[in-house]
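**Q** What follows is the residue order along each chain.
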Amino acid sequence: MRSITELLHDSPFFAGLPDPVLEQLAGCARTARFAEGQMLFSAGQPANDFYLVRHGRVAIELHNPSRGTITLDTVHDGDVVGWSWLVPPYLWTFDARAAADTSAVEFDGACLRGKCDADPALGYALMRRVSHVMYERLQAARVQMLDMYGAPM
Amino acid sequence: MAEKSILDLCGLQGLIDALQGRGYAVLGPTVRDGAIVISEISTLDDLPRGVADEQDAGHYRLRERGDEALFGYAAPVQSAKPVFFPADEMLWRGRRGPEGGFTVEPAQPQPSPVALLGLRSCDLAALSVHDTVLTSRGLVDARYAARRADTFIVAVTCADPAGTCFCASMGTGPRPLAGYDIALTELLETEHRFLAEAGSPVGEDLLAELPPRAVTSDDTAAADDVVRTATARMGRVLRTDDMPEMLYAQARSPHWDEVAERCLACTNCTMVCPTCFCTTVEDVSDLSGDVDERHRVWDSCFSQEYSQLHTNFVRASTGARYRQWVTHKLAAWIDQFGTSGCVGCGRCITWCPAAIDITAEVDALRAASQQTAGGQHAQHH
Amino acid sequence: MTAATTQQPPVSRDPMVPRPFRVVASHLDTDDTVTLSLEPMGSDPLVFAPGQFTMLHAFGVGEVPISICGDPTRPDPLMHTIRDVGNVTHALVSAEVGAVVGVRGPYGTGWRPGDGVGGDLLMVAGGIGLAPLRPALLEVASRRDEYDRVVLLYGARSPADILFEDDLRRWADECRIEVAVTVDYAPPEWDGRVGPVTTLVGRAGFDPPRTLALVCGPEIMMTLTANALLGRGVAPHRMRLSMERNMKCGAGLCGHCQLREFFLCVDGPVLPYSQLAPLLDVREL
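Protein chains in written order, with my numbering: chain A, 1 to 153; chain B, 1001 to 1381; chain C, 2001 to 2285.
Calculated directly from the structure, the hints in this document are not laboratory data.
All C-beta atoms in this analysis are idealised placements derived from N, C-alpha and C, irrespective of residue type, glycine included.
Take the hints with a grain of salt, since some may be wrong.
[Unchecked claim] Cβ pair distances, simulated, as ranges:
| hint | chain 1 | residue 1 | chain 2 | residue 2 | range |
| --- | --- | --- | --- | --- | --- |
| 1 | B | Arg1137 | A | Asp147 | 34 to 44 Å |
| 2 | C | Asp2031 | B | Gln1304 | 22 to 32 Å |
| 3 | C | Val2047 | B | Gly1100 | 46 to 56 Å |
| 4 | C | Ser2274 | A | Met145 | 52 to 62 Å |
| 5 | C | Val2097 | B | Ser1285 | 23 to 33 Å |
| 6 | C | Arg2176 | B | Pro1254 | 26 to 36 Å |
[Claimed, not checked] Which stretches of chain A does chain C cover? Using the computed rule of at least three CB atoms under 8 Å from a CB of chain C, they are:
| hint | region |
| --- | --- |
| 7 | 73 to 86 |
| 8 | 107 to 113 |
| 9 | 134 to 145 |
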C-alpha cells in the first residue's frame, strides 16, 4: 500500500511540489473508492471536497428538466475534480458521477483552505496548479460552446 | 525580310488588308458611345481620328485633339481581355439520359484567328500576364489557349498617356516591350507616318509584304522622342520595390476600413482590370430540366458570395475585400506568378465611381507602415 | 500563308469538364452524412493521393469540392463522405444507387504521411474531418511497421455523429493505432470521453520531436489543435492542416480559394502550419 504522499508525488497535478509540502497536503487527504454510478457530489450541496482521480472515469453532469441529463466533461486518470471548495458560497454547481469504478484521493476542502491561509507560499503553489486546470477547463468549455461540428450557421 | 519599316497611312491600310488577307478578324480601337472601345475594323476610317481622352479618378471624357492622330489617346475602356477571355462562356452542355444518367458535351470554340491593331503596351503586358495565369501552370484554360493561339498583335507606343496612367512605374510601357508581332510608333511631325518594328518572324514576314520604305535616323529619333515625352507625362506613379512585403505587413492596417467607407464594392475595378481573372460558374437549365449548360462567368473578389463558405462569408467586410484585391494584385501575384498583377493602365482609377485611386491608397498604406516602423524603432531606444 | 495553326488542347484534358461516375453504393453514416461509392463510366478509375479532393457535380444543381475518403490503393470504387449542408450536398446525399454524378479531379496536395516514416504519426480529426484523413489512415495501416507510434485523436459532436466506427475499432484492434475518441456532448449512457478533441493532445502518447501531425476539421478546431501541439513541442513545419475555402474550379484558375499567396486548390488543401500560421490569425483574410 503506497502512502498518500507517494500518490501525490506521482500525479501530474502535484508534480514538482517538494515532499514536505506534499506531506502537509496529505494531512488533509484520504483515499476513496466510488463504484460505477455512485455520485462524488451533487449540484447545490456543500462543496467540501477536492478529488484527484487515480484510476477510473468521472462524468461532470448537468440535469435539466427540459433536456435531461447531459455530460459536460469527463475526468480521467491523473486529473483533478472540483474547485467549488475554493470559492464562496462553497456549493457544487454540477453533478459528478463515477462513470466507471473509480479510485481517488479525496481532500477536505476546509482543511486545504486552512493550510493555504496559514502558509501563503503553499497556497500560491496550490493556486497556480488549480488555476492552470481551471484555465484549461474554461478553454475546453468555450470550445465546446462553439459547437464546432454543428450544422453551419 | 524587314525588321523595321516606315508605313504611311496607305501602308497602315495595307497592313490591315494583309491581315484580313491572311484570314484574321482585325480588332482595333473605335469610338462608341463617347468612349474608345475595341471592335472589328476594316479601314483606317474606323479608327478614332483626331480623338484624345481625358482620364482622372472617376472621370473619362473624349475630346478633339486638333490633329489627325489615329492612336492619340490612352487605355480604351476595356483591354483585349474580353477578346480571349469572354465575360460569359459556356463550358459544356449536359443532357439528362436514361437511368439517372447524363451526358456531357464540352463546348469547343473554333475561334477564327484575331489580329489586334493598336494594342497599348499596358494591355500587351496584361496579355502576357494572362497567358502566365491561365496557361503556364499545371492545368490550362483550354478555351483561352485556343483563342490565344493564333493571335497577331500590332501594338502601339502610347504617345499621349492619361492622368490615370502609370505604366512607366510598372515597367510595362509606354513603348511595347515584348509579345507583339509588329509594334508601331505614330509620328505626326512633318509627315503622318508610323515606325513599324517586327517582333516575331510572322511580323517580319508580314512587314515584308508591304511596300518597303527605309527607316532614317530622323524617324528613330522622333520615335524615341515620343516615348520620352509620354514617359514624362504619366499622370501617376506607383512604387512597387517593397512588394510583396509592404502590403503583407499591412494586413491589419485600419486603412483598409477607411477605404471601405468610400468603396461601394461595385466591382467596376475588377471588371475593367486587364489582368483580373476570377470567375465563377453558373448552371443554366432549360424549363424541362433535361438540358443543363454550365457557364463560366467573370466574378469579382468584391462580391460577398465570392468568399462564401457554407452559410458564412470569409470576407464579410468591404475593407477585407479591398485588401484582398490590392494585396493580390500588387503583392501575392508576385509570389504566385513571378510578376506584378498590375500593368499600370489606370482603368481601376478612371472607372471607380468613388474615385478611389490605388496609387494613393498604396502610398497611404506605406506611410502608415513607415510610421509604425518608426514607432517601433523609437521604442527600442 | 494563313494564320499559324496551333493544335488545340484535347478536350479530355479540359479541367472544367466532369467525367460521369455511377453511384454503386450509398451508405448512411449519420443522420446527415452519407458515403457514396462511385464507379467511372467508360473511363479509368481515378487515381488519387490521400488528402486530395474532387469536384462533385449534381446534374442541374451544381458542384462542390469533396475530399476523397477511400483506399488510395483501391481507387475503384471512388468514395466520398458527404454532409448534407447545402443544395448541392443535399442532391449528392440523396443520389440513389444507379444515379450518375460528375467528377473532376483529383485536385490538390495530399497528406504525405510517408514523411513521418521512422517516427511517430499523429492524426487529429474533428467532425467530418475524419473523412479526408481516412485514406491516410488506410495507407498507414497497410504499412504500419514503418512507423513507431501511430495515434488518432478524433472529436465528434456527439456519440451519434461518430463516423467510421468499424474502421476505428479495426485500426485500434488490428493495426496498433492508438485511437482516442471524444465527443462535445453526450447522454449519460455514453461510456467514452467528453470534451473537445484539443484536450486529448496534452497526454497522447507521441514523442513531439519525432512526430508528424496531420490535422483535419473545422478551421477553429485545427488552429486550437495546432496551439496544443505547439505546447507539446511539435514544430510548426511538422504539422499539416487541410484548409477549406470557396472553390469553383479546383484547378487554380477561378481565384476563389486564395489565402494570400496560396491557391488552396493547388498549393493546398494540405499545407504546413508553418506557412498557415501567419495567415490564419488575420481576420477575413
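**Q** Evaluate each hint against the coordinates.
**A** Status of each hint after checking the structure:
Between Arg1137(B) and Asp147(A) the beta carbon distance is about 39 Å. The supplied range of 34 to 44 Å therefore holds. Distance hint for Asp2031(C) and Gln1304(B): a CB-CB separation of about 31 Å, consistent with the stated range 22 to 32 Å. Between Val2047(C) and Gly1100(B), the C-beta spacing of about 26 Å breaks the proposed range 46 to 56 Å. For the pair Ser2274(C) and Met145(A), the supplied restraint of 52 to 62 Å is violated, since their beta-carbon distance comes to about 30 Å.
Range check, Val2097(C) to Ser1285(B): Cβ separation about 24 Å, and the 23 to 33 Å hint holds. At about 53 Å, the beta-carbon gap between Arg2176(C) and Pro1254(B) misses the expected band of 26 to 36 Å. Here the region 73 to 86 of chain A counts 4 residues with a CB under 8 Å from a CB of chain C, which clears the bar of 3, and the coverage holds. Residues of the region 107 to 113 of chain A lying with their CB closer than 8 Å to a CB of chain C number 0, which falls below the three-residue condition for coverage.
For the region 134 to 145 of chain A, the proposed coverage by chain C is satisfied: 5 residues have a C-beta within less than 8 Å of a C-beta in that chain, meeting the threshold of three.
Hints 3, 4, 6 and 8, counting from the list given before, are not met by this structure.
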